[in-house]
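The numbering used here puts the first residue of the sequence shown at 187, with every later residue one more than the last.
Be a bit skeptical, because a hint or two may be false.
Claimed, not checked - Derived CB-CB ranges, DEER-like:
| no. | residue 1 | residue 2 | range |
| --- | --- | --- | --- |
| 1 | His-206 | Asp-395 | 15 to 23 Å |
| 2 | Pro-327 | Asp-274 | 17 to 25 Å |
| 3 | Leu-273 | Leu-207 | 31 to 39 Å |
| 4 | Val-324 | Glu-359 | 12 to 20 Å |
| 5 | Ala-334 | Val-437 | 20 to 28 Å |
Don't read these hints as lab results, they were simulated from the structure.
All residues carry an ideal CB built from backbone N, CA and C; glycine is no exception.
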Amino acid sequence: MPDFWVIGPIAWDLAMYVDHLPHSGHFVQASESAERPGGTGANVATALSQAGARVHMVGYVGADAAGQKMTATLTAAGVDIDHVQVLDGHTSSVVLLIEPNGERTILGIHPDLLHDITIPTAAVAPGDIVYFAAWRDVFAPAAQAMAAAGAVVTSVPPGTVPAMRYLIGSRNEFTVIPEDSTAIVTAGASGVTVHSAGGTDHFPAVPTDAVDATGAGDAFAAGLLWAIGGERPLVEGVQLGLSWAAATVRVKSSVPTETPQACPPSL
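Can you make the complete structure from the sequences, with help from the hints?
Structure (structure tokens):
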């Protein structure tokens, strides 16, 4: 199994469970709330590490208590944090409003500093799997360099198509379906559609009782990446990702917590 490099947000979340979203000017009482680790990059890295992969996290935290909590959390999960940079400013933080059906609405709190990070392109070896859990245009040279060096480079949309082997994201993130890479489009309970040179294929979601959809897309991406790293067929990666996502939405957490149990022994 190759090493995995996850580039993206590391965040400290405040989850609030509500009966419904507030209308403008109205008050809504949360039935439950919790502070917890999150961030799309940290979520994917944690899921892969829990499954037994060697994972390097590339991102940033602030010089604050939330940053210390997140680096400790990643380290405890077995994720390498040598390339997590401490920047002036706050650790990324969001408020999650989670409805009874598990759907969540996200409010960002602090300015995004992801474009200021340094990506360690020289440390990535041929065959390693690189995943941009968030995309900034400033990442393009690094993505191209890692792809040219033999890494398998993947990203959320829009990515840099010439460098990207796979684009993985929700249907809201795709403005167009690229022709030069495989696009894996997630649609929550409606499943996943794969667009590739061989055509278009749809995969239904795994039935489950959702209580918190936070991290579902990240768990899907991690399962797919795990299968890609194991040189499994793409269809198996999609199915594994769907099973990891289904396991994730059954629990109240931002970081996927049940991915190893959802991982077939053959993978």
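Which numbered hints are broken by the structure, listed smallest first? 5
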